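Protein chains: 2
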Amino acid sequence: MAWAYLARVAEPPCAAVIALVDAIGPVDAASAIRRRSVPDGFGAVLPATAARHDADCATADLDAAAAVGARLVTRSDAEWPAWSLLALSQADTAARGGAPLALWVRGPARLDELVTDSVALIGSRAASPYGAHVTGLLAAGLAGEGFTVISGGAFGVDGAAHKAVVRSGGVTAAVMACGIDRDYPAAHSALLGEIARTGAVISEYPPGTTAARHRFLTRNRLVASLSGGTVVVEAGRRSGAANTAAWARKLGRPLGAVPGPVTSATSVGCHRMIADGLAVLVSDVASVVALVRPDGGGDVGRGRTKPTDGLSEDELRVHDAIPARGGVTIEEIAFAAGLEIGAARTALARLEVGGLVENVAGQWRLASG
Amino acid sequence: MAWAYLARVAEPPCAAVIALVDAIGPVDAASAIRRRSVPDGFGAVLPATAARHDADCATADLDAAAAVGARLVTRSDAEWPAWSLLALSQADTAARGGAPLALWVRGPARLDELVTDSVALIGSRAASPYGAHVTGLLAAGLAGEGFTVISGGAFGVDGAAHKAVVRSGGVTAAVMACGIDRDYPAAHSALLGEIARTGAVISEYPPGTTAARHRFLTRNRLVASLSGGTVVVEAGRRSGAANTAAWARKLGRPLGAVPGPVTSATSVGCHRMIADGLAVLVSDVASVVALVRPDGGGDVGRGRTKPTDGLSEDELRVHDAIPARGGVTIEEIAFAAGLEIGAARTALARLEVGGLVENVAGQWRLASG
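Keeping their order, the protein sequence lines are chains A and B.
The letter at position 140 of the first sequence is residue 140 when you use the working numbering, and the numbering goes up by one with no holes.
The letter at position 32 of the second sequence is residue 32 when you use the working numbering, and the numbering goes up by one with no holes.
Fair warning: there could be bad hints in the mix.
Note that the list lumps identical chains together, so a pair holds whenever it fits in one copy or between two copies.
[Said to hold, decoys possible] Cut-off 20 Å, straight-line C-alpha distance, at most; resulting in silico cross-link-like pairs (SDA-like, lysine to any residue):
#, residue 1, residue 2
1, Lys250, Pro13
2, Lys250, Glu340
3, Lys250, Pro129
4, Lys250, Gly342
5, Lys250, Glu313
6, Lys250, Ala343
Keep in mind that the hints were calculated from the coordinates and are not lab data.
Just so we're clear, the structure is a prediction, and the values are computed from it rather than from any experiment.
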């Protein structure tokens, strides 16, 4: 009851309330706020809670949450994703939206498990058919690799991501700018129900809260912080996705962007992020996995745990220049690899010693093993 | 006559012959090679010229060139693009293809003027419709900015680049892997004629030389070195364009790559170059100009010589968030810019002082001036 009261008494995020709770516990904090009498040093709590301190909706909020199968997860709960949210508490980020006090969660997924291997797929609400298609490919592929796909439940890229994961039987989480009992947008009512059935619909805002512009910005920081990395699939010149992307960078999380046709307005933001060195170009599931798991830990990353590991640039090019079936001459290899004959010969010799290629009747082919 | 003899007597590029010419001049060099008697220290010339030293085709070559309106431009000529080719003579590149001794040039363009503002547009022979379209946009746009567009005269991206420049009345140069009198590919015969009418068809190989695989690799270094920068518009996983791109990097020239749909096989090479940090993502004429003229010198580069020069990131975002017509509230601006209200207010104040925005009846708009 105290947590539910505290979760509504100030517009989240409110660092002052969190500091008070950390100092004297939620029950005493709720009581102090109600009585308008807080310990020395916590004076900032009073103006932040002035408007709502005497409207206690705790019971109603918990009932409303229960009615849609949701629960309140707090900073004191075992499943609290403290590690993911840690960066939000750091000095330079806290000023623009610190860690949340609590999160309303609708769905069976545990927050700490949800964030363990997670990627945010975000982008334009007005996604192009290309953007929606690529979002679906990435979302289903990442779900297949065991990742939680996190997004914002909106039209466009968000919706395409959630839908593809739901269809593929994976886990997806929608972080909302409104209460977990408000289906926003309304047309996503059924989709949000599906997400909540196996994953999680998450919000920092109490039940009944309506989506408002400033809440999207506040919500964006949660999308970025709950995810191991963020990928912008499509974004126009002034997309809101740029804000989530900026949060990912501020929090030190990997940021990727998917390229598209340079003739497409919905790829302009992605291209700019890549060209400006803010985002890494990602083009498929493997490159996203490599982005968020730079130390490996998967067998999807490019070249990782492959027999071609550790090859030099020339050797890789020569290896790539040999077709999967059949043999080719050294001249054909040198040409395809863009190497001088001598360099190709050196690389072939090393690859042969390494057992990767073999010479059969004067033609080079990939080793049958 | 001596230069024409020397241009054929060894398969180009031949550093030994160039060294001899530099030491004793072309007439004595030709004579020494014919007599098989070279000065001490130039012994490498003999094996390189063994096969062709007694077949003097100089007259025939000059006649064949003249027949197609071509001339032989040598290292001693005023129009020799010595500065562009300098990097080819440096130790680490010379081993894989040094500077040329001479170039056969068909067309009115002077080589030194041709290379002054030049960009190579290269890519897959099997360009997609998207690739051909974007190539045309870039080529015509660069020609309109006064750039020479250099390519290899091949099908696909090369052809689309040349064609767009010819149509737009600009100057384009095709660097060939065969003699300037061989129309290769044959289907580009008319196009090569058009290129030669206003620009240049260029080759290091004597008239009559047929295209051969190793000559494409050798030719690629000339495309890269004659250009102020190279842009790969489309390239598959094993495109020959990767070789030209590698030359551009080796020569210290800017390298750009155009992104495309991640679902397109002909963009895989471009995406890989960008993701690996080998190429800069370029998406339009302005970004190509910015690539090859990093110090400015044009008014096309992004933001260059614009009133928004020198703005901070926040100020730019706020400026971008204000529509071209009509006013918006600070809340709308903060949302579109992905900024807190306070940060947006600070940026607006600075923009107002700078005369870029104005506040009319509580709404912000771009300054009418």
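Structure-based check of all given hints:
1. Lys250 - Pro13: For Lys250 and Pro13, only the intra-copy Cα distance (17 Å) is at most 20 Å; the inter-copy one is 52 Å.
2. Lys250 - Glu340: Intra 45 Å, inter 15 Å, cutoff 20 Å: inter-copy only.
3. Lys250 - Pro129: So Lys250 and Pro129 fail the 20 Å test inside a copy (31 Å) and across (39 Å) alike.
4. Lys250 - Gly342: between (48 Å within a copy, 18 Å between copies)
5. Lys250 - Glu313: between (34 Å within a copy, 14 Å between copies)
6. Lys250 - Ala343: Close across copies (16 Å), not inside one copy (44 Å); limit 20 Å.
Going through the hint list in order, the structure does not satisfy hint 3, though it satisfies all others.
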